[in-house]
Amino acid sequence: MTKQLISGIDPSHIDPSHRPQDDLYRYFNGSWLKNHEIPQDRSSDGVTYQLFLEAEAQVREIIETAKGEGDAQKIRDLYDCFLDTDAIAKAGINPLLDDLAAIDRIETRDQFIKTMADLEMRGLGGAFGVGIYGDAMNSEMNIIYLGQGGLSLPDEAYYREEQYEEIRKAFKVHVAKMFALAKIDNGADLAEKIYSLEAQIAAHHFDQVKDRDVELTYNKMTFKELCALAPHFDWATWLEYSQIPKSAFDELVVQQPPFFAGLSALLENFDPAPWKAWMKWQLISGAAAYLPDEFVNQNFDFYAKTLSGTPELRVRWKRAISFVEGALGEAIGRIYVQRHFPEAAKTAMLELVDNLIEAYRISITELSWMSPETKAKALDKLGKFTPKIGYPDKWRDYSALTITRDDLFGNIGRITKFARDIELAKIGKPVDKTEWLMTPQTVNAYYHPIQNEIVFPAAILQPPFFDLDADIAANYGGIGAVIGHEIGHGFDDQGSKFDGDGNMIDWWTQSDRTEFEKRANMLIKQFDALFPEETPDIHVNGALTVGENIGDLGGLAIGFKAYKLALKGAPAPVIDGLTGEQRFFLSWAQAWRGKVRAEELRRRIATDPHSPYEFRCNAIVANLSDFYEAFEVTEGDKLWLAEKDRVEIW
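Residue numbers (the working numbering): 48 to 697.
Calculated directly from the structure, the hints in this document are not laboratory data. Where hints are given, some of them may not hold.
What the hints assert, rightly or not - In silico lysine-lysine, DSBU-like type, Cα no more than 30 Å apart, as pairs:
{"no.": "1", "residue 1": "Lys365", "residue 2": "Lys431"}
{"no.": "2", "residue 1": "Lys257", "residue 2": "Lys422"}
{"no.": "3", "residue 1": "Lys352", "residue 2": "Lys224"}
{"no.": "4", "residue 1": "Lys365", "residue 2": "Lys393"}
{"no.": "5", "residue 1": "Lys365", "residue 2": "Lys464"}
{"no.": "6", "residue 1": "Lys544", "residue 2": "Lys424"}
{"no.": "7", "residue 1": "Lys480", "residue 2": "Lys431"}
Use the sequences and the hints to build the structure in full.
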């Protein structure tokens, strides 16, 4: 007996007051958008969050039923330790007192750098980030990257743009309240000093658009050159007290040179008062989640309620799960895939990926605007893509990590050291291409340009993105387009600067790159003209979101082509009165069903390279002629774009 296929799309949220030709997003999701309330402990809600809730419930069961020794003991003890609010309340701020006293003793720049390095080493604050991963110009080998930091607000724009004035005021109030809770006097004065210092630091930051430019953020230099760039920061002392071998800095990548030059200039005539206030703030703020409830609540009040509009703090067990996953994610993931990820799903996904890659191959071959020379390089890169599906082949070994039931801050220190030791061990060694940057229970996916890989954790491979029992139209419009999106990042405005081996090499002819930029700029202009319903006074930043928008545009276009390939010439069935082509695009609309609080949307527009949900649906389909054919879109319909205005890249 043949199994009856389901359509894979849920029509229960359709709003007939909208037409798909005018607003596909609100046509398919409209009743949900009108009637659904975002949970009180969330700044947003939607399809991906529902999958997150499922994964969270499954992980909770894994944690709360963990028995025995080894990883199971670590998982359960760390969870119970975080939940022990009596012990946390009793400890108060005592776990931070030694570090606060060390900060108080700072009188010189040298002492400041030593103390900062020590705190940074233990995960308790710092002025910049240190990462170790593949060298963008020699992708087989690891190298250290230094990146800008030191700010408490989401982005440098928050320190200079008028629209954030109320947030700046609220930040100072928040800092003063946190100092009061820590029994530190003159909190309001300290808050002014901290804000003033951070505003000076922010002035040296790259903005979000510059910061996603892979060429601007790749500045390889020697240790001597780093010292010349930032001469008033004693790098040798910092390395010694960070316990990083000096040889690790023989050659490194500085992502934002103006930041490090600016930091050095700020330290030249060292005034200890603002820097000590800032360092105390970094320490207390960074530790807030592990301190008594009054710190947790005040931290939530600013960082979630003020910045993102979230009314209520998540219940403690949910925060405990996030904490344990951050420390022991792969130990949990190993159990998760045994229980919740069938091998049949991995097999079906590999077939989907093969079809998407074949569709890209055909599309690249047929491109009218690209020369044969560049096409050959693009096809070479496509042929070297590595898909990772579900879970890693090699799991992290946690045997060297000690976790105890009754020592939260001790556990945090040991977790930080464990993770740090893993990273430092990479220095001077080849890249481990079996490593994953996400756990299997993460509802997400990513493309890694330096490794030229696309990665799909198990938790995203569920309805409505992917359903083994659904008609393929829904799967190709859901996870198929997501696969296409991630492959598309290999050919977006930044990913296209890397070759098939993950090296940042220009493989384009000048005329092809010029044509690509022209098409990308058309997309930037389209998105610059979009104003979300929740925040009608601010528009999408087309330059910030262009990479993700190229990924969406290429992903959906190639997803549709792959869907047609998968049909193998057979007609698509009509299910529930909808053609296969219509179900494909409705599946895309379904995948982006979501709501975001206005405060959170403002933050995202300033800092997030992804466009708001409605535009990931409507603004993308408006560029695809296949959508016009599927729904008979004609001139006069709101989603109509003249053919000359439709952007086609891949």
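(message) So if I understand the rule, the pair passes when the alpha-carbon distance is 30 Å or less; does Lys352 with Lys224 pass?
(response) It holds: about 15 Å lies between the C-alpha atoms, which stays within 30 Å.
(request) Please work out if Lys365 and Lys431 have their alpha carbons no farther apart than 30 Å. (result) violated, 40 Å
(request) For the pair supplied as a hint, Lys257 and Lys422, confirm whether the alpha-carbon distance does not exceed 30 Å. (result) Given pair Lys257, Lys422 holds - Cα atoms ~28 Å apart, limit 30 Å.
(message) What's the verdict on Lys365 and Lys464, does the C-alpha distance respect the 30 Å limit or exceed it?
(response) holds, 25 Å
(message) Check the hint pairing Lys365 with Lys393 against an upper bound of 30 Å on the C-alpha distance.
(response) holds, 29 Å
(request) Take a quick look at whether Lys544 and Lys424 sit within 30 Å of each other, Cα to Cα. (result) holds, 11 Å
(request) Take the C-alpha atoms of Lys480 and Lys431, compute the straight-line distance between them, and say whether it is at most 30 Å. (result) This hinted pair holds, its Cα atoms lying about 13 Å apart.
The structure fails hint 1 only (numbered hints given earlier).
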